[in-house]
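Asks: This is what each chain is made of:
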Amino acid sequence: MNVLSIANLSIDYVGAESVFHAVKDVSFNIAPGEFFGLAGESGCGKSTIAFAISRLHRPPALIRTGSKILVDGRDVLELDDAELRSFRWREVAMVFQSAMNSLNPVLTIEAQFYDVLNTHLGLSRVQAKARAAELLRLVDISPDRLSAYPHQCSGGMRQRIVIAICLALNPKLLIMDEPTTALDVVVQREILQRIDTLRKELGFSVLFITHDLGLMVQVSDRIGIMLEGELVEVNDAQTIYRAPSHDYTKRLWASMPRLHGTPIRQEPAS
Amino acid sequence: MTAPAPVLALDNVSKVFGSKDKPVYAARSVSLALYPGRTLALVGESGSGKTTAARLIMREYRPDQGQLLFRGAPVGDGSLKAYRAAVQMVFQDPFSALNPAHTVRYHLERPLRLHQPDLGATARQAAVAELLERVKLDPALIAAKYPHELSGGQRQRISIARALAVNPAVIVADEPTSMLDVSVRLGILNLLNDMKSQLGLALLYITHDIATARYVAEDIMVMYAGQIVEWGDMDSVLGNPQHPYTRLLLSAVPDPDRRFGEGRPDDELSRIDVIRRQTALPQPEVRTIAANHFIRPMPA
Ligand SMILES: Nc1ncnc2c1ncn2[C@@H]1O[C@H](COP(=O)(O)OP(=O)(O)OP(=O)(O)O)[C@@H](O)[C@H]1O
Ligand SMILES: Nc1ncnc2c1ncn2[C@@H]1O[C@H](COP(=O)(O)OP(=O)(O)OP(=O)(O)O)[C@@H](O)[C@H]1O
Ligand SMILES: [Mg+2]
Ligand SMILES: [Mg+2]
Numbered sequence: 001m002n003v004l005s006i007a008n009l010s011i012d013y014v015g016a017e018s019v020f021h022a023v024k025d026v027s028f029n030i031a032p033g034e035f036f037g038l039a040g041e042s043g044c045g046k047s048t049i050a051f052a053i054s055r056l057h058r059p060p061a062l063i064r065t066g067s068k069i070l071v072d073g074r075d076v077l078e079l080d081d082a083e084l085r086s087f088r089w090r091e092v093a094m095v096f097q098s099a100m101n102s103l104n105p106v107l108t109i110e111a112q113f114y115d116v117l118n119t120h121l122g123l124s125r126v127q128a129k130a131r132a133a134e135l136l137r138l139v140d141i142s143p144d145r146l147s148a149y150p151h152q153c154s155g156g157m158r159q160r161i162v163i164a165i166c167l168a169l170n171p172k173l174l175i176m177d178e179p180t181t182a183l184d185v186v187v188q189r190e191i192l193q194r195i196d197t198l199r200k201e202l203g204f205s206v207l208f209i210t211h212d213l214g215l216m217v218q219v220s221d222r223i224g225i226m227l228e229g230e231l232v233e234v235n236d237a238q239t240i241y242r243a244p245s246h247d248y249t250k251r252l253w254a255s256m257p258r259l260h261g262t263p264i265r266q267e268p269a270s
Numbered sequence: 001m002t003a004p005a006p007v008l009a010l011d012n013v014s015k016v017f018g019s020k021d022k023p024v025y026a027a028r029s030v031s032l033a034l035y036p037g038r039t040l041a042l043v044g045e046s047g048s049g050k051t052t053a054a055r056l057i058m059r060e061y062r063p064d065q066g067q068l069l070f071r072g073a074p075v076g077d078g079s080l081k082a083y084r085a086a087v088q089m090v091f092q093d094p095f096s097a098l099n100p101a102h103t104v105r106y107h108l109e110r111p112l113r114l115h116q117p118d119l120g121a122t123a124r125q126a127a128v129a130e131l132l133e134r135v136k137l138d139p140a141l142i143a144a145k146y147p148h149e150l151s152g153g154q155r156q157r158i159s160i161a162r163a164l165a166v167n168p169a170v171i172v173a174d175e176p177t178s179m180l181d182v183s184v185r186l187g188i189l190n191l192l193n194d195m196k197s198q199l200g201l202a203l204l205y206i207t208h209d210i211a212t213a214r215y216v217a218e219d220i221m222v223m224y225a226g227q228i229v230e231w232g233d234m235d236s237v238l239g240n241p242q243h244p245y246t247r248l249l250l251s252a253v254p255d256p257d258r259r260f261g262e263g264r265p266d267d268e269l270s271r272i273d274v275i276r277r278q279t280a281l282p283q284p285e286v287r288t289i290a291a292n293h294f295i296r297p298m299p300a
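Residue numbers (this note's numbering), protein chains in the order written: chain P, 1 to 270; chain B, 1 to 300.
There could be a bad hint or two in this list.
[What the hints assert, rightly or not] Below, simulated DSS-like cross-link-like pairs (lysine-lysine); rule was C-alpha separation at most 25 Å, straight line:
#1 Lys-24/P to Lys-250/P
#2 Lys-81/B to Lys-196/B
#3 Lys-145/B to Lys-24/P
#4 Lys-68/P to Lys-24/P
#5 Lys-22/B to Lys-129/P
#6 Lys-196/B to Lys-136/B
#7 Lys-172/P to Lys-68/P
#8 Lys-250/P to Lys-136/B
#9 Lys-129/P to Lys-172/P
#10 Lys-172/P to Lys-200/P
#11 Lys-136/B to Lys-24/P
Bear in mind the hints are in silico, worked out from the structure with no lab data behind them. On a predicted model such as this, the values are computed, not experimentally measured, just so you know.
Starting from the given sequences, assemble the full structure and let the hints guide the process.
Replies: Now the structure itself:
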């Protein structure tokens with residue numbers, strides 16, 4: 001059974017004067033242990049989908065009837081409040097696009113770990129601190145930082161701390177919306193390699209949203225490409241890279257800056 | 001040939017955070033210069049002090065040592081207003097850079113009001129529309145929206161448009177396009193490139209995207225643990241990297257031809273820990289590699 005199964009998902013932003021169709025009839029699945037990449041132009045609806053899967057969408061976002069989101073076979077759109085509380089973090093954990101400012105500014109890093117670990121696992125302060133130190137090590141941050149406040153950490157450190165909190169409850173699906181924009185490529189590589197190893201060990205699946213196509217091909221098993229609310233192409237990562245079928249995907253590759261040779265392979269004007 | 005004068009410079013600036021027994025050296029004798037019509041890319045480890053350098057330039061932090069120079073003169077409290085108008089910043093996090101209570105139009109009109117007070121309402125409206133078009137956003141769709149109604153990449157573009165609104169002499173852009181797809185990213189960078197050559201804008205471009213930096217910047221600096229470890233001409237640094245950390249950084253740039261976990265790991269990647277430990281030590285010596293290419297070699 002798929003960990004995530006999305007069928008005919010349509011999401012609108014309903015305004016006073018107009019309705020904006022942000023997501024149009026999108027369907028795709030993620031298998032257990034699979035690393036699925038989602039890419040597409042800015043504003044095409046990627047974060048909107050991520051929010052809907054975690055049931056974190058709020059008005060004016062409206063999920064159209066007929067849309068289905070199943071996590072581990074359960075209909076996410078039908079969950080009541082009590083079910084939602086255990087669903088979040090345990091079933092699906094999400095690293096937001098704004099992860100670097102999603103930490104609570106007035107709490108130390110330690111207190112934020114305690115919140116999650118105490119609420120969901122009933123850990124004591126001492127237990128939570130030990131577990132938090134372990135989780136921080138997974139993302140290459142020294143446990144010294146537990147006593148720091150978010151503003152004392154750099155943007156990339158804050159992103160890593162949020163990733164560590166998301167791993168705390170061994171979720172079945174980890175959603176990462178641009179989780180590494182503030183990380184240098186060395187740390188980014190270490191973190192993603194670690195998540196790649198962890199998902200193989202622990203068996204969780206990953207939905208990875210990024211604009212870094214090179215990186216996406218390096219880590220993903222399959223990739224979906226979105227354009228203006230529609231999912232225009234889904235395939236295994238190598239096919240998306242070496243033999244894309246949609247024009248938009250081809251254009252994406254053509255405009256990707258390279259480190260060596262001609263900086264950009266420009267498409268001949270069509 | 002006389003060298004052109006920098007419009008803005010940090011001269012041997014240091015900044016330490018934390019306590020006496022646990023100091024964090026966010027900037028260690030950092031010197032950099034920005035020239036009209038040129039872009040300097042600042043890359044480096046996460047937490048190495050790039051944003052700190054930007055905040056020192058923006059005068060959000062006072063240096064513990066060294067000074068900030070604008071057109072050759074130290075920036076003092078008296079000259080701050082003119083300085084603030086001339087030097088604009090695009091912040092790293094677009095989600096906290098915009099005020100949630102105000103529309104996009106308000107965010108762009110405010111700087112226009114301050115810096116072009118004579119502009120009439122209609123002209124101001126037109127200027128807002130033009131700014132939005134410059135960053136590839138549709139004014140009819142976007143101007144009336146609030147920040148929470150925008151995607152991450154759309155917010156980044158509003159921050160850039162706001163910086164452009166006052167025709168600054170210098171823009172300090174901290175990861176300005178990290179949330180944009182490659183095509184929009186190139187559009188924005190081309191726009192900055194045009195402003196650079198036409199208006200003589202000086203740009204400090206802080207980024208983790210070295211491939212894109214190569215496309216827009218003439219010069220590059222590589223930072224680690226508060227120090228600039230290698231700097232100079234972009235082609236020379238990328239083509240002939242001499243500092244182990246620079247080599248490590250270049251070997252980790254995402255490459256779609258090499259899947260994770262496949263093939264032989266690079267030399268540098270297998271030596272990460274050693275390189276990190278060594279590079280974190282103070283590296284006072286400067287060695288010249290080429291006319292415009294320098295490193296601070298790791299202590300042996
Ligand atoms: N609350 C809202 N009200 C109205 N429109 C919205 C709202 N939130 C998002 N939108 C619009 O919906 C579209 C999709 O937004 P979304 O955040 O899902 O894009 P995205 O693919 O994540 O983009 P990015 O890569 O830039 O983060 C955008 O055009 C955005 O302007
Ligand atoms: N206000 C502060 N108080 C204490 N420490 C700080 C403060 N601001 C930054 N630091 C520390 O200074 C160092 C440099 O931080 P800075 O934000 O400049 O890094 P950066 O290079 O921009 O990193 P990133 O790429 O992750 O954004 C970090 O160790 C950070 O924790
Ligand atoms: Mg988004
Ligand atoms: Mg930073």
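Asks: Now, for every hint given, state plainly whether the structure supports it.
Replies: Going down the list of hints, with the structure as the test:
1. Lys-24/P to Lys-250/P: 22 Å, holds
2. Lys-81/B to Lys-196/B: Status holds; Cα separation ~23 Å.
3. Lys-145/B to Lys-24/P: 22 Å, holds
4. Lys-68/P to Lys-24/P: 13 Å, holds
5. Lys-22/B to Lys-129/P: Since the Cα atoms of Lys-22/B and Lys-129/P sit roughly 21 Å apart, the hinted pair holds (cutoff 25 Å).
6. Lys-196/B to Lys-136/B: 18 Å, holds
7. Lys-172/P to Lys-68/P: Distance ~18 Å between Lys-172/P and Lys-68/P Cα, so the pair holds.
8. Lys-250/P to Lys-136/B: Holds: Lys-250/P and Lys-136/B sit about 21 Å apart, inside 25 Å.
9. Lys-129/P to Lys-172/P: 24 Å, holds
10. Lys-172/P to Lys-200/P: 12 Å, holds
11. Lys-136/B to Lys-24/P: At roughly 23 Å apart (the allowed maximum being 25 Å), Lys-24/P and Lys-136/B satisfy the hint.
Violated hints are absent here; each numbered hint is respected by the structure.
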